[in-house]
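Peer 1: Okay, here's what each chain looks like letter by letter:
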Amino acid sequence: MTQTINSGQSVKPASVAQNMPLSGLAKKANVNIIGLEKADYKGADSTLCSGCGHDSISAQIITACYELGIQPESLIKFSGIGCSSKSPAYFMSRSFGFNSLHGRMPSVAQGALLANHSLQGLGVSGDGDTGSIGIGQFLHLVRRNLRMVYIIENNGVYGLTKGQFSATSDIGQELKHAGKNELPPIDLCAEAIISGCGFVARSFAGDPKQVVPLIKAALRHRGTAVLDIISPCVTFNNKDDSTKSYTWGREHDERINDIQFVPNANEIQVEYNAGEAKEVELHDGSKIVLHKVDETMHDPTDKHAAMRLLTDAHDKQEFVTGLLYIDPNRENLAEVHDLGETPIAHIPNSKLRPSPESLLKLIAGMF
Amino acid sequence: MTQTINSGQSVKPASVAQNMPLSGLAKKANVNIIGLEKADYKGADSTLCSGCGHDSISAQIITACYELGIQPESLIKFSGIGCSSKSPAYFMSRSFGFNSLHGRMPSVAQGALLANHSLQGLGVSGDGDTGSIGIGQFLHLVRRNLRMVYIIENNGVYGLTKGQFSATSDIGQELKHAGKNELPPIDLCAEAIISGCGFVARSFAGDPKQVVPLIKAALRHRGTAVLDIISPCVTFNNKDDSTKSYTWGREHDERINDIQFVPNANEIQVEYNAGEAKEVELHDGSKIVLHKVDETMHDPTDKHAAMRLLTDAHDKQEFVTGLLYIDPNRENLAEVHDLGETPIAHIPNSKLRPSPESLLKLIAGMF
Amino acid sequence: MISNSVTTADTQLTAAQRPSVVNDFSITAATKNGSGSQTANLALLRSLFKMGIPVSGKNMFPSNIQGRPTWYTIRTSGDGFIARRDVSEIMVALNPDTALEDHEKTAPGGAFFYEETIKMPLQRDDISYYPIPAKRIASELEKDPKLKTYSANMVYVGVLMWSLGIEEREMEAALMHHFKGKQKPVDSNMKVVRTSIEWAQANLTKTDPFRVERIDKTKGLIMIDGNTAGALGSIYGGVSFVAWYPITPATSVADGLTDYLPRLRIDPETKAPTYAVVQTEDELAALGMVLGAGWAGARAMTSTSGPGISLMAEFSGLGYFAELPAVIWDVQRMGPATGLPTRVSQGDIIKAYWLGHGDTKHVVLLPGDPFECFEMGWRALDLAERLQTPVFVLSDLDIGMNQWMCKPFEYPTEAMDRGKVLTAEQLTELKGFARYKDIDGDGIGWRTLPGTNHPLAAYFTRGSGHNERAQLSERSEDWEANMERLTRKFETARSLVPAPVIDSVEGAEIGFIGFGSTTPAIDEARTLLAHKGIKTSFLRVRALPLHQQVHDFIAAHKKIHVVEMNTDSQLASLLALHVPEFATRLVRTNNNSGLPISAAWLIKRIEGAK
Amino acid sequence: MISNSVTTADTQLTAAQRPSVVNDFSITAATKNGSGSQTANLALLRSLFKMGIPVSGKNMFPSNIQGRPTWYTIRTSGDGFIARRDVSEIMVALNPDTALEDHEKTAPGGAFFYEETIKMPLQRDDISYYPIPAKRIASELEKDPKLKTYSANMVYVGVLMWSLGIEEREMEAALMHHFKGKQKPVDSNMKVVRTSIEWAQANLTKTDPFRVERIDKTKGLIMIDGNTAGALGSIYGGVSFVAWYPITPATSVADGLTDYLPRLRIDPETKAPTYAVVQTEDELAALGMVLGAGWAGARAMTSTSGPGISLMAEFSGLGYFAELPAVIWDVQRMGPATGLPTRVSQGDIIKAYWLGHGDTKHVVLLPGDPFECFEMGWRALDLAERLQTPVFVLSDLDIGMNQWMCKPFEYPTEAMDRGKVLTAEQLTELKGFARYKDIDGDGIGWRTLPGTNHPLAAYFTRGSGHNERAQLSERSEDWEANMERLTRKFETARSLVPAPVIDSVEGAEIGFIGFGSTTPAIDEARTLLAHKGIKTSFLRVRALPLHQQVHDFIAAHKKIHVVEMNTDSQLASLLALHVPEFATRLVRTNNNSGLPISAAWLIKRIEGAK
Ligand SMILES: Cc1ncc(C[n+]2csc(CCOP(=O)(O)OP(=O)(O)O)c2C)c(N)n1
Ligand SMILES: Cc1ncc(C[n+]2csc(CCOP(=O)(O)OP(=O)(O)O)c2C)c(N)n1
Ligand code: SF4
Ligand code: SF4
Ligand SMILES: [Mg+2]
Ligand SMILES: [Mg+2]
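These protein sequences, in sequence, are chains A, B, C and D. Position one of the first sequence corresponds to residue 60 (the numbering used here), numbered consecutively onward. Position one of the second sequence corresponds to residue 60 (the numbering used here), numbered consecutively onward. Position one of the third sequence corresponds to residue 124 (the numbering used here), numbered consecutively onward. Position one of the fourth sequence corresponds to residue 124 (the numbering used here), numbered consecutively onward.
These are calculated hints, taken from the structure and not from any lab test. Backbone N, C-alpha and C fix where the C-beta goes; we use that ideal spot for every residue, glycine too. One should not assume that every hint holds.
Claimed, not checked - Short derived list, chain B residues pointing at chain A, Cβ under 7 angstroms: (1) GLU126; (2) ILE194; (3) LEU198; (4) ARG202; (5) ILE253; (6) GLY255; (7) ALA364; (8) MET366; (9) ARG367.
Said to hold, decoys possible - Every beta carbon over 10 angstroms from chain C, so not counted as near; a handful from chain D, in silico: (10) LEU344; (11) GLU533; (12) GLU548; (13) HIS654.
Chain A extracted, bound-state conformation (with noise of 0.2 angstroms):
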């Protein structure tokens, strides 16, 4: 190895995956439409707490991934500092990821992806990653709806850190340290949407019915989807008063619709249809359906019914959970740049150099 290579490899698209699982010849029981086994989505050991909420995420993710058959190496981890900023590493070790600043990952993410907009970008954050140090690269990403799904472990601390409070911490909540929590929480799925997400969710680390289908309908959104899961950190956060921990999570826990992914190359659709259902139909020509509990009647596709739900919920204190608004519609910014097919960074070289002739005429201009 001693020359330049100019790479120029492109990424076939998942359907067409290429099937290269690393467990070699073992015969393959179970696997997914693409081929690849379940242990092929999988990451290294992880260094968390036992029984950290972020870990059950993980394996949501992994699950999400597996079932829609995605190409691992066509999705990049993003992830900034924190105990859920280290979960990147902890599932899908087959994917690229880049563990990078506290409150960062939104730029990095950013750059990423437009350099490369054929890749699925999925990034994980904490509430204070995200909504403390990061509250400004969040909004600006969000606005800018680049394509990528963006879940925040939301454990209402700081955990690596060791419990201080973070943005999102509940007022009058009461830690070892910090003392008693003066400041209202920051609703992040109420940021998100102002600044013009077009998919913001809420879910609960230990209810895998719920998170999976919405992790896979983000992975299908046409911009940047928004999920804020509320993931209790039993180490620094787990005092039942903390609207953070299981157990306050379990009882308070509003479930206003349920949520089902059905992709498009799979035929299991009218299983889950019912009357009540409203279909979404996402960019990429993929369906969500919505089933309406009674109680709530939340139609989705409404801002201002989101954003009363957030509101009602944030002033009691509670949480609502589901898919709490989508808008398909809204351009990404691969899209809003017109690029291409080729991925910026599949651009040949020959390309990215103008001609020589080009400059004499510019010079010429310069004299």
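We have chain A; now place chains B, C and D with the ligands onto it with these hints.
Peer 2: Below, chains B, C and D with the ligands without anything else, positioned relative to chain A:
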């Protein structure tokens, strides 16, 4: 001057403030309640473009402070960087001013006003300063609810760097170098409301009748009061198709209510009292009277209604003016911190350094 | 186990043949983090300290919360050396994940204690083996299943007490200290300890030579970590505003402030706090608030580590140029970027000194131990107000988070210095003032505090070019004059910051220069070198800008080893610029392992450099 | 007028007695900003250039948008000197606010042109006076009231053309260039020009000696600003991703990119852009995006100035440590903090070199003129991908925003270097790879690009400690090995960056070392010194880390003047660290006036330092 002098001076409240006009011997024809002339509220000559909306706002700040009889020395001015952020130099030279860094005025203001919470804070920023680089600090300031007036001189453009888009620029708007704006504007009033702001208003630089009373009311608000004032940039953003231009402003300005500030010391309240008026009592006992116009019937204490107004207007690329939302009850940061009457900055050294005995006691516990 | 590969070459004898080794060895306990071993380790450390034996404790922990390997090393030294050593004679292996490695790293002639359930080959014939029934005893004694792992740690405490001869009453006193006087947890822990001692007496036979004996070498000393010391120093320095953002290893500075401020700083008359503490949204906001507060007249500080220092660059420049008092604690950790957040370094010294774009330079204080953290805690606040500029205090993870034996804190020897502040009365007398005028020739102007009730009091603060009257100016003359004054002010700073500590040895040709937490290792290395007949001098830098004495010290020695913990030999660079005429005398003696340096490493390194 | 107080001591004669001064003087036009004088000034500059006369133009403008004093100075020099001079023989006073000052600063023997409506005493007997009826003529000719002020500027153009003898057709050509070939504005401007010339012929009598004559000294040269040049160089370097945030004086780099990319870089087949440009919310985001894009395989860059550099500190450290390609243009302006945004400085050189906490160091390129801005534009992208690290290009306000006469850009002489990237095919062959392994001995590992479709392609990028396989590691050995490799890589960089440009003069004992925009002044000063019989050599540094040749140059001279525009003599410090053995030979020859240095200043300064 060779030795250390500990200041220890305390600021007299405005009502009993001493009268020290710079104008010297001249006879005082027009003086306000604390005996100052309007000239005592003026600043250095403006270096902004002639006709800049920001200069109108400076004039209106001067009027509001003069009419309220604010002691200039008891007010501190803050700003970030931008044409707008230069303007604190152009009003109230007898007030201390701090022209900080681009986007970082909120933190500087918070530090200064916690150090001396007896002072009245008045911040002036731009839409780039607040909405782009500064959105994080802005939201966290609002969340902490420090007592200060925060004026955004919103021209939808970066004036000082010569005409780039800011985060509040209209989608589709065109500028000479920047081309066409591809992104939807951030609504800073909506951002303020969902982050917990208890006083959110919008107005138009060319409308002193609305701006002056809003500033007065804001100056008496208990916590952070955000005023988003559309302030056209005559140089870079006065194309008629921009919502931030004078022509657009005048034609599309939907007035939702009239507002009159009635300070306690002023007995003209009755004069403005009308049938449809809604009174809101502010923290310091002063009242603001909101005059509803029939077509909208907006109740500014209703957060949902405020958000709906903003979202609707946003969708229509219009703006509503007036006091959009008010919640006079939320404690400000100094109250949350239980700060006493003496500002921290004036606590005498003797109370800042604990006794030698207390140290000996502590050390005894370290063996 | 993480360690440099230096080993002691002490013995070929079998354990039994050797004489007692008293008060002079290292113990390492290998556990998992989050398992509660911290109580056990600190109790061991403190009980030894209370027996009068000089000790130091170094925690090597991972950057996660639970379940990953962590090592705690206690060094005892009758001679009073408290630097880290590279080897441990006594190894306590409680973590199955690292037991093999720990076994291998045990010093020849040492003792290996291991949880009895760990299955591993125990085949070294140069060490003594002792099983510990930690889980078993804990299960028997502790009913609450949640507390079982925690109690298991007290079992090794008991077994070590038996083996080394640590006194029960000192252990009880140590636990009493740990639990802040609460008898109940002390009793329940002592129960495990006593049961374990009894079990050891009944079941183990001592075959290693290590033991302790009460001596009298810790009298008058205290045991504390530098971050708490810094917090207390700041409180006694009258800090009245704190803005901070959590980051390892600086968080405990803020913790110390939040703990002690309510106890020490409530106004007895009004019952109101004489301070405000704000946890900010990030480090930019933290320094912004501190500058705002300092400007308005508070004694203001923040604490952070590397990444936070980077984020504070722009505000630091503003503080320098607009001349705002501020104190910034940087408890250094290893690395560029996120690096190794739980490992020590001295890698921010150049960075802090020149933090900010353009021509900025800062005053930097360099405490050498918790005693100085306390002292520089208050001095930094004085200097910041006196010099009207940001003052950095560069501590590090080792000083900041480990327990250090040191002199008890000294109550501030000087009255609080609030710097040059004009009152309304003085303004009337003076008929006004010019904020940035150098009246006194020291480069420092007089300021007024916002709110000063006088029509001539106000001025406008900005980071843009300004003249003496604080008016915006883009004139070259004003700019040059202002920068010249700032340079003059920096010279004033040079004369006000703490002078270096110098031990000049008659006839020494070799000198050491170092700062901060490497001091104990340098001290020890010098003693060892002296035993070999090599005379050395030592200058410990305590602040930037560098003092004239530093120049003189370098001039007086042929070869100067500049000892520091970073990759780029940053102090050596600053020294070279300080003494261009002697630049070639400076030898870069740096270590970037992330571990506190040891005397053995230092000697090996300088012998290699000969 | 802002200027250093150096004056030419050329004449005691009256104007009439003196012989013609041809092609060798300076013109300063004093106007208000926002008044449209830029067209007039640039047209004057370019018409002179087209007459074959070497020229340079320096704009001194305030940091606001409209109405404040601004000065534009054009120097003509038959000898080809293009440095700023401290004095102007020809003064055009159109701004009443500064007219008195401008009058006073006019060089003895000079000519003072002034708007006729400005009332002021004109009583110097050593200069010639000429009223200009700018407002009057503009009012007569221009109907649109908005354009009257603008047109007034063309009146002084006409009067100067009359006075100096500037050819009409070259003025027309210059305007044609300015208005990009649009005849209409050219015609209307030429109408004002011609009317003014006629008015001058009819009403004025020339009493000063200054005039121009067509010569042939600009053939083959171009006239351009460095920011446009940098943008074009980047485009020919294949830049494919740009993220930036507006800031003076860097904004026009991004403007250049936004202007030229759509013209030069649309894929002819697909019609899609081969690039993306994002105006970000701030500088942190700008560098974050650039690093993300570089990681993903784009050729990515950003541009900023001082405050932005400070904000990029943390991300720069990440780029260094995680080894991500990125190009960062820093168009330097004066000062710490906000400073003087419209004044030049070279004050970020130390800052950029060591940007980021901990042990970071960066490759820095130092273009000397727009020609090199173009070249370093493409080279920086090659180096960034080759070295997998952020590369800074430090230009400055003078190079970046002023028009420079220079060699025409040279088409890249080397094929695009995309660095070490492994394809899926290579991975199959190699059976995997280790991201941070130093296979080739140059410290640079091989990388894969995200999306590479191979199960062994992926790796994890982080700013935390890692081993060769990019796995998280907190082991000292891994950390030390990695930092050692990074140091090795920095040595590789030393050999790859542009070498210094050296003019070693036989027998010279004095050497100059400088970089960037001070070069013309140094060149001129050396010529003047040579006339006095003083031989000097010159080394122009073009990059950090410093080349071995820098060492050799210093070794070969007794005294080295390190010329730079900042307060702290930053390059001198870096040189001292590079050559500790010769540190005392370095003389700090710095200037922090915010104005480009002049040869006169430099000579005076070094004569003072003798
Ligand atoms: C610039 C910077 N400041 C501070 C830190 C220290 N830090 C690491 S993680 C963290 C908070 C993480 O909280 P959150 O995002 O909620 O994640 P969690 O650990 O709770 O999952 C902080 C403050 C850092 N790494 N970088
Ligand atoms: C860190 C930093 N980045 C960029 C700049 C350059 N800058 C100065 S003002 C400004 C934008 C101001 O826009 P806005 O806040 O809308 O104010 P306006 O001029 O429109 O009133 C920018 C980008 C700066 N001063 N500091
Ligand atoms: S500290 Fe909390 S958030 Fe972090 S790993 Fe443990 S349980 Fe999870
Ligand atoms: S550029 Fe625009 S915002 Fe700035 S001063 Fe001029 S009109 Fe006002
Ligand atoms: Mg969290
Ligand atoms: Mg603006």
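Peer 1: Looking back at the hints listed earlier, which ones does the structure fail to meet?
Peer 2: 1 and 7
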